[in-house]
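K.L.:
Work out the full structure: start from the sequences and follow the hints.
Protein sequences, first through last, are from chains A and B.
Residue 58 in the working numbering sits at position 58 of the first sequence; the count goes up by one each step and never skips.
Every position in the second sequence, counted from 1, becomes a number in the working numbering once 218 is added.
Keep in mind that the hints were calculated from the coordinates and are not lab data.
Ideal Cβ positions, reconstructed from N, Cα and C, are used throughout, including at glycine.
Since no wrong hints were added, every one of them can be taken at face value.
Capping the alpha-carbon separation at 25 Å, the derived lysine to any residue pairs in SDA-like fashion look like this:
| id | chain 1 | residue 1 | chain 2 | residue 2 |
| --- | --- | --- | --- | --- |
| 1 | A | Lys58 | B | Asn256 |
| 2 | B | Lys276 | A | Asp177 |
| 3 | B | Lys276 | B | Arg344 |
| 4 | A | Lys59 | A | Arg126 |
| 5 | A | Lys206 | B | Ala369 |
Facing chain B, according to a computed beta carbon distance under 7 Å, are these residues of chain A, among others:
| id | residue |
| --- | --- |
| 6 | Gly31 |
| 7 | Arg109 |
| 8 | Glu110 |
| 9 | Leu112 |
| 10 | Val115 |
| 11 | Arg116 |
| 12 | Leu161 |
| 13 | Ile168 |
| 14 | Pro174 |
| 15 | Val178 |
| 16 | Val197 |
| 17 | Pro201 |
2 protein chains.
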Amino acid sequence: MNSRTGTAGRKSELTRKWILDVARGLFNDHGTSAVSTNHIAAGAGISPGNLYYHFENKKDIIRALLAEYTTAYEDRWAPTADAGENLATLRENLAAWSELAWAYRFFEREVLALVRVDPALRDSYRETYARRVGQYVAFGEQLEAQGLLRAPAPPGTIHDLAVAIWLIGQGWLPFLDVTADPRDPRQVARGTDLVLVALTPYLTTKGRRALEDVAQRG
Amino acid sequence: MNSRTGTAGRKSELTRKWILDVARGLFNDHGTSAVSTNHIAAGAGISPGNLYYHFENKKDIIRALLAEYTTAYEDRWAPTADAGENLATLRENLAAWSELAWAYRFFEREVLALVRVDPALRDSYRETYARRVGQYVAFGEQLEAQGLLRAPAPPGTIHDLAVAIWLIGQGWLPFLDVTADPRDPRQVARGTDLVLVALTPYLTTKGRRALEDVAQRG
DNA sequence: GTCTATATCGCGATAGAC
DNA sequence: GTCTATCGCGATATAGAC
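P.N.:
And the structure:
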């Protein structure tokens with residue numbers, strides 16, 4: 001509130017970041033509801049009072065983590081123009097994405113419940129979702145324009161496909177967390193398979209070749 | 219524990235069921251972590267002590283609700299033999315399923331978090347998942363045998379598709395809950411669209427016609 | 001089977017010293 | 001910026017009367 005963030009804010013930022021890292025780890029391991037602000041403070045080796053100096057409450061911490069997550073994603077995946085190139089790197093992109101999602105896996109597990117009880121969180125989630133699916137759709141339209149997409153796609157198909165892929169992407173990691181060991185690299189590969197099983201049949205032969213390119217090279 | 223369930227158990231079963239109904243409603247509205255055993259007791263118009271007579275604790279209630287949910291599903295959808303007929307009724311089946319899912323929507327929202335903190339729940343969930351996806355795969359193989367599935371499906375495709383569809387089915391309702399009004403019938407229809415956008419491209423022309431049949435008649 | 005009363009515990013949050 | 005101390009509250013769970 002009263003912080004003019006000059007050089008004085010440095011130490012504060014460090015502690016703040018440290019709290020977020022610890023909280024993220026605990027949330028990932030035990031789920032947000034099992035983790036109290038006291039646990040976080042203890043885990044971070046600071047006092048409860050200090051934690052409340054940096055954050056209003058637990059919700060505030062969760063919001064900050066979502067902001068981190070979103071930023072990390074958007075730093076990494078600035079949308080590019082060439083859909084063909086994107087197809088070629090799709091697999092590695094999915095793998096890289098899964099790394100990030102793993103770091104914030106409590107989120108993938110709990111978002112839908114969390115946004116229900118925190119309107120502020122809900123708003124940023126909706127915004128992210130809209131932007132993200134918008135990117136998918138733009139990607140699909142690029143594919144179409146470049147003849148990489150099978151022709152007779154009824155209107156709305158690309159959008160539906162984008163949402164379906166979003167759902168698969170949202171769901172598969174926490175799902176593996178339950179049914180298998182998500183750290184197993186082969187399982188991560190299965191995650192990309194699940195996305196591709198939805199996407200592939202919409203690609204032309206040329207599109208499929210672009211997709212497999214990297215598999216040949218790698 | 220010491221209950222020889224004869225005629226004496228009748229009243230007990232009624233109260234038990236009533237508690238479950240109330241709990242389900244509250245969980246749906248506020249999420250499991252915001253709802254305490256006291257809230258449930260108050261909502262049911264009974265004392266906290268009475269609630270603990272019928273259930274060990276909150277986890278126990280949640281487990282009972284999952285059992286209810288699973289049973290309700292399996293009573294409704296006994297697998298049938300004719301895949302072509304199944305295709306024709308797929309849309310209505312999806313719509314009917316969404317009714318059921320709506321009644322237990324807190325589950326769709328929270329399962330993955332819930333199973334993490336309750337091993338018993340985790341076990342039944344895994345079991346249900348395995349059985350359900352197994353049914354999907356069997357369905358896919360029937361389609362294939364009847365020439366309703368496009369021919370060159372690489373091994374594993376049907377299974378991947380089954381899992382992808384499971385993920386879409388798991389995800390879309392709670393997702394709508396966040397992004398739109400899930401009670402809007404058109405939104406429910408969009409849910410089936412999302413499943414079909416993954417399935418349709420794998421169908422032969424004949425398969426697609428079987429799928430559209432009902433749309434013509436309705 | 002159901003109630004009332006209560007014990008215990010830990011969470012969220014703040015005040016005030018340093 | 002960080003700590004210690006602490007208050008108030010509500011959640012879980014049990015004891016014992018009816």
